[in-house]
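Visitor: Chain P is already provided as a structure; the job is to place chain C on it using the hints.
Heads up: the sequence lines are chains P and C, in that order.
First residue of the first sequence: 1, per the working numbering; consecutive thereafter.
First residue of the second sequence: 1, per the working numbering; consecutive thereafter.
FYI, nobody ran anything at the bench for these hints, they're computed from the structure.
Heads up, some of the hints might be wrong.
Lysine-lysine pairs mimicking BS3-like chemistry, simulated, CA-CA at most 30 angstroms apart [as the list claims (entries may be wrong)]:
| # | chain 1 | residue 1 | chain 2 | residue 2 |
| --- | --- | --- | --- | --- |
| 1 | P | K163 | P | K248 |
| 2 | C | K3 | P | K45 |
| 3 | P | K161 | C | K109 |
| 4 | P | K161 | P | K45 |
Just some of the chain P residues that point at chain C, by a computed CB distance under 7 angstroms [unchecked claim]:
| # | residue |
| --- | --- |
| 5 | A46 |
| 6 | K185 |
| 7 | M243 |
All values reported here derive from a predicted model rather than from experimental measurement.
The beta-carbon is built from N, C-alpha and C at its ideal position, and this holds for glycine as well.
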Amino acid sequence: MLTREQWTEKFVEVIAHASSQLPPDVLEALKRGRDAEEPGSLAAKALDSILTNVEMAKGNWQPICQDTGTPLVWIHHPVGMSTRMLTAAFEEAVRQATAKQLLRPNAVDTLTDKNTGHGQGPGIPTVHCEEWDSPDAEVRVILKGGGCENCGAQYSLPNAKLKADRNLDGVRRCILDAIAQAQGKGCAPGIIGACFGGDRGSGFVESKRQLLRRLDDHNPVPELDTMERDVLDQGNQLGIGPMGFGGKTTVLGVKVGNLARLPASYFVSVSYMCWANRRAGARITPKGEVQWLN
Amino acid sequence: MAKLTLPCDEATIRKLKVGDFVELSGRVITGRDSAHHWLIHDFRKEVAPFLKDSVIYHVGPVVKKHEDGHYTFVAAGPTTSAREEPYQADVIGKYGLRGVIGKGGMGTKTLEGLKKYGAVYLHAVGGTAQVLAEAIKEVQQVFQLAEFGVPEALWVIRVENFPVVVTMDSHGNSLHAEVEKSSKAKLEQLLGLTS
Numbered sequence: 001m002l003t004r005e006q007w008t009e010k011f012v013e014v015i016a017h018a019s020s021q022l023p024p025d026v027l028e029a030l031k032r033g034r035d036a037e038e039p040g041s042l043a044a045k046a047l048d049s050i051l052t053n054v055e056m057a058k059g060n061w062q063p064i065c066q067d068t069g070t071p072l073v074w075i076h077h078p079v080g081m082s083t084r085m086l087t088a089a090f091e092e093a094v095r096q097a098t099a100k101q102l103l104r105p106n107a108v109d110t111l112t113d114k115n116t117g118h119g120q121g122p123g124i125p126t127v128h129c130e131e132w133d134s135p136d137a138e139v140r141v142i143l144k145g146g147g148c149e150n151c152g153a154q155y156s157l158p159n160a161k162l163k164a165d166r167n168l169d170g171v172r173r174c175i176l177d178a179i180a181q182a183q184g185k186g187c188a189p190g191i192i193g194a195c196f197g198g199d200r201g202s203g204f205v206e207s208k209r210q211l212l213r214r215l216d217d218h219n220p221v222p223e224l225d226t227m228e229r230d231v232l233d234q235g236n237q238l239g240i241g242p243m244g245f246g247g248k249t250t251v252l253g254v255k256v257g258n259l260a261r262l263p264a265s266y267f268v269s270v271s272y273m274c275w276a277n278r279r280a281g282a283r284i285t286p287k288g289e290v291q292w293l294n
Numbered sequence: 001m002a003k004l005t006l007p008c009d010e011a012t013i014r015k016l017k018v019g020d021f022v023e024l025s026g027r028v029i030t031g032r033d034s035a036h037h038w039l040i041h042d043f044r045k046e047v048a049p050f051l052k053d054s055v056i057y058h059v060g061p062v063v064k065k066h067e068d069g070h071y072t073f074v075a076a077g078p079t080t081s082a083r084e085e086p087y088q089a090d091v092i093g094k095y096g097l098r099g100v101i102g103k104g105g106m107g108t109k110t111l112e113g114l115k116k117y118g119a120v121y122l123h124a125v126g127g128t129a130q131v132l133a134e135a136i137k138e139v140q141q142v143f144q145l146a147e148f149g150v151p152e153a154l155w156v157i158r159v160e161n162f163p164v165v166v167t168m169d170s171h172g173n174s175l176h177a178e179v180e181k182s183s184k185a186k187l188e189q190l191l192g193l194t195s
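In isolation and in its complexed conformation, chain C is listed as follows:
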């Protein structure tokens, strides 16, 4: 299992290949639907330093606010990344992200973006909200909480040995594209649709 400390540089990311298991440690920022829309429609300089050379995690966590005001993540597995497909490549380019954590994979526009800017798609196991919350050691800061609500806010977190698999790399390879191609060929065969 490879270890990756965030933030990191482009050369480190370029070494990662589809199928690699990686444990992430360091600073990560969360963001999903509202966040991507918000990030793309202006340059958000207050969050830009947290995105630069780090990764954005597609997640809508369950969060506990403690009496002294600090937050912890109670449950925090990945959400479906495909919804960010229209925005992701541009967000990566605009803010200098080195990767995305999510589930379900993304499409060709994002794959091109990963190649162009030197970034990877890191797949966390969907639904494993307890395993992944345990790897989130600290909530450091939050942006847009009042505006977007708990699931959609941008949470700055510190992770330790957060387990992911590279399913789209910076060289144009996508496990999702491969599986989609082979499974749809099998579907055509099962339904007798092949000419």
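Okay, chain P solo, but in the shape it has when bound:
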């Protein structure tokens, strides 16, 4: 069994990976985007710069983006492990990672408007703990910046303006609208995590959890797999392009989940993730051996 201090050490490593090492599937999607753009265009040059940046961050173990975002954390833990301990260990890891410039001091007290200076505050990071049967623990982290978080959107169906009824076609319409509303402001080409159903809170949490998925995976629900492909294709037809410069690469991936809903409610919650989908995961054995996921 690891001590709380040892958990903190492991979590700092996971944060370092997330902040500086872009997952390979995201890198591949960016390269495909660059190859699809007209040589010499603003879109191609933006993607070239992005690819250079990804390599620099990786080599130097420095933040890919200065907005190291909100650390969104999901931990699966063995039976009987204290979730208060795990949460406290992760909060301490955020403070240590901030002191090492792996993270920016990114928590502002909303009453005094002062930056806490150490990256941590109520609600930052957000840690979700879930018990499972394995003796190992698994931690998955996304660093989600503010620019893309501001582009998130939530719809209540039906929506007459979008001709969106309470069905899968209505969901598709909302996601496409969210991509169009975001333009380049969320650092396109973006990755879309969406959820239909749930309440206003749980829907957004699930939409973010969808961002943990690899871009090249398949949704096990056939209807949703089809929707993901359709929205990806149609989103790229919008022509917003990298940074909103115009071009063929507007979205790198679309991931859709669903929750049950109340009879009266039908929410579609859309989270926009920037191209820098800083996702990292590790499986940690009781002895502290780390296996990197992704």
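Guide: Chain C only, in chain P's frame:
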């Protein structure tokens, strides 16, 4: 690729057009949400000379403080400029800025301001914090650090060959307005919303 040395005069800025690639060298000041609010609510004479004929960079950097007290930028890509839309044109006019570096573009009020005062919007590639930090050679001074914190302070920096694209010029042209118009027309078509 055009080169632009800062500070610069109005005539130089008026020559720039949407789509031009520019490499900036010289003195730049950073400022984002708290800074714009602060700049507009009084005339801040201590920072005014750093704004005059230069550009303001919308960025919240990751900064390292070294043992001897000097600072370097560890990561420093642009933040979303749209949040400064209510203030930007007035800040440009009040302090004689020649431009703004940011990402995502700005709206009609800023576009009018650029035209009126002779300034441009320079788009840096969002998320390229390492590429851009490498072009920031020196941190010369900082204002409002204790009050605003690291991301929101006004940092006076020296840049060399800092790469940007003009996406809004001083003649009323905006790439962002064009892309928004065409993409929303396409959305209407895809959703069958066109009457």
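Visitor: Give a verdict on every hint.
Guide: Structure-based check of each hint:
1. Note on K163(P) and K248(P): the hinted pairing holds, with a Cα-Cα distance of about 26 angstroms set against a maximum of 30 angstroms.
2. Pair hint K3(C) plus K45(P) holds up; C-alpha atoms about 17 angstroms apart against a cutoff of 30 angstroms.
3. With a CA separation close to 27 angstroms, the supplied pair K161(P) and K109(C) stays within the 30 angstroms bound.
4. About 36 angstroms separates the Cα atoms of K161(P) and K45(P), which puts this hinted pair outside 30 angstroms; it is violated.
5. Interface restraint check: A46(P) against chain C, minimum CB-CB distance 5 angstroms, threshold 7 angstroms, status holds.
6. Hint status for K185(P) relative to chain C: holds, with the closest Cβ pair at about 4 angstroms, below 7 angstroms.
7. With a cut of 7 angstroms, the hint placing M243(P) at the interface with chain C holds, because the nearest CB-to-CB distance is about 6 angstroms.
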